[in-house]
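Student: Chain residues, written in single-letter form:
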Amino acid sequence: MEKSDNLKYIYADIYRKNKSFFENSSLSLREQALENFLQLGFPNKKNEKYKYFDVGNLFNKKYDFLLKPYVLNLNIDDVFRCDVPKLNLQDIVTINGYFFHENKLNGFIGDGIWIGSLVNAIKEIPEIVSDKINSTLDKDDGVSQLNKLLFKDGFVIYIPDNKSLSFPLQVINLLLANNDLFVCQRNIIIVGKNASANIVLCNHSLSAVSFLNNISTQIYLADNASLHLTELQNINNNSAQFEILNIHQEANSTVNTSFFTLHGGNIRNNVNIKLSGENSTNNTNGLFLTDGTEHVDNYVYIEHSAPYCSSNQLFKGILDNSSTAAFNGKILVRRDAQKTNAFQKNNNLLLSNEAKVNSKPQLEIYADDVKCSHGATIGQLDEEAMFYMRSRGIGFEEARYLLMFAFAYEVTEKIPLENLKFRLEEMINKRLRKELTRCHNCQIVFSS
Amino acid sequence: MLKIKNLHASINGKEIIKGLNFEIKSGEVHAIMGPNGSGKSTLAGVLTGRDFIQVTQGEITYLNKNLLELTPEERAREGVFLSFQYPVEIPGVSMINFLRTAINEIRKHRGIDPLSAGDFLKFMRQKQELVGMDGKLTGRSVNEGFSGGEKKKNEIFQMAILEPKLAILDETDSGLDIDALRLVANGVNKLKTKDNAIIVITHYQRLLDYIIPDIIHVMYDGRIIKTAGKELALELEEKGYDWIIKEANL
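These protein sequence lines are chains Z and X, in that order. According to the working numbering, the first sequence is numbered sequentially starting from 1. According to the working numbering, the second sequence is numbered sequentially starting from 449.
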């Protein structure tokens, strides 16, 4: 029996031995997930999708699992103040995957918009969320099934037809514990017909222990809906984030997603996108900055099922020391998806001889009238540009930073909110100069 | 200001500059002319510290310092400026950020306080007007999407901002139509003072109609084979280089 086979029973038992703790949520869904998970197990490196990512190793550590949220008698404003200035945004916080009960936004907030915890949503608005908890886009993935089996909570953002979120909503996922912790969070974002939302997702670890954070977000866009999703990943280097986005898009909808991966020992992003309505647009971008022994693995699978859709992926990485990264992207264009425009680009900058990146863009096209392209580059800093700057008096180190920052710019310039863009640029700048270890306003004192 | 003695320099083991002597004083404009492949751009590369050029022999003294011991950025901070033959596009680095970083590093080196953002913008606008640089261009990334003429004008604009003591203009006329050439040359003339020196490297005489040199050198096969007054330019335009090469017995 392989190691990963033993491992899956350990995780299955979290559920099987503690069923009463999971009763709030749909049990039939979990039973199905259990069956699937036991059948699929954890993916290994023979699986093409995980060729460069050791899932077994990630899960093969001893973690605590919280069957109930910590009861925290803290004012979140005292312990966590986000640094993004003047954004005029409102925020909600999750702690270790649980929606924080003191969030000001909780339930219906006007205009029929509902923001709150997944567990509450299942109770209070089942007609809206019950068929959205499950996504078919990642049914073949063992880790996805595990998330469905073990999620304890998460957030739900529901924007009904013809309404829009009038402010940018920031979701802050905090990790906070005294012992190594496995977190399983499941979220839903629903944007109705002609509706729109701008959401910023931040992930922070506030303790130095090792976290394994498994987050899966189901995203649904109805006709003419639009969503901007900007995600910041900034967890400690002993920790891992295994993130799944399942994005379903109907006709004329637009989704722009940008990942900014600044810190984390092991980061895996699985983005599964299905464009099932005509004229829909999906842009998925990412910037990852790694050093030490960090590993960042981006996987994007996009299925074009309807004609006249366009998709764009741009992932850029700057790797230092012996850090590693992988980009694995696949564009599938179905036979009916004529007039598809699909592009995929991955550019990497290696700052050291030990850094390593594997890039694998793929196209699978069954329609005959499409425009598709993909490409990957791996290179060093442009020596001509370096010399040009130095010949103007800019020192070697400063010239390097400017070039690295410039390399990142192609991704940062796409951030839709000016203030957020400035703040993220500042964080990226600090990160490149290796000054950033975490948001400097996060000062959390924790005792449970 | 600058004195080059018996300079020999190679690229990948191939000797390009073969015993070159040269001197320029403050307030002077010298032109270095010569056919393709004579080593003119390599000389510019040696002066600015290109690392793929190996200096195998000779010395270069700049303001009583050994120039060859300085890094490219130190040379720039000491007042050496090269107008590039092929200015580099740097997408993502804004002109403003680039120039402000450069000028403040130079000021730091000279022990002067950095310019504030406001003062820098004011200073930049003055220089923009001086050399006729389109304000829209300074809002963009360094040279990105600039036309050939705009790139060359941008070099002169940078020269205006950085106020070098020794400016080397490497083929500044190449790729310019006559109007752009006149504008660029006018910019250079406005920046000429009695305290700085300018070396104009060019193939053609036409730039020298606008930037009048005090002295013209002809470079061939890694050496200066003739040095004369500005009237030499016209003679070269008429008769080419062959007669000088013959005269020099090469």
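No wet-lab data here; the hints were simulated from the structure. Idealized CB from N, CA, C, for every residue including glycine. Some hints could be false.
[Claimed, not checked] The calculated lysine-lysine pairs, modelled on DSS-like cross-linking and capped at a C-alpha distance of 30 Å, are:
1. X:K638 - X:K570
2. X:K513 - Z:K430
3. X:K638 - Z:K414
4. X:K584 - Z:K421
5. X:K556 - Z:K434
6. Z:K430 - X:K556
7. X:K462 - X:K513
8. Z:K421 - X:K570
[To be verified] Chain X stretches covered by chain Z per the calculated footprint, using a threshold of three residues with CB under 8 Å from any CB of chain Z:
9. 512–525
10. 538–546
11. 631–642
Student: All hints, please: hold or fail.
Tutor: Each hint tested on the structure:
no., hint, in the structure
1, X:K638 - X:K570, "holds (19 Å)"
2, X:K513 - Z:K430, "violated (37 Å)"
3, X:K638 - Z:K414, "violated (41 Å)"
4, X:K584 - Z:K421, "holds (22 Å)"
5, X:K556 - Z:K434, "holds (23 Å)"
6, Z:K430 - X:K556, "holds (22 Å)"
7, X:K462 - X:K513, "holds (27 Å)"
8, Z:K421 - X:K570, "holds (26 Å)"
9, 512–525, "holds (count 6)"
10, 538–546, "holds (count 6)"
11, 631–642, "violated (count 0)"
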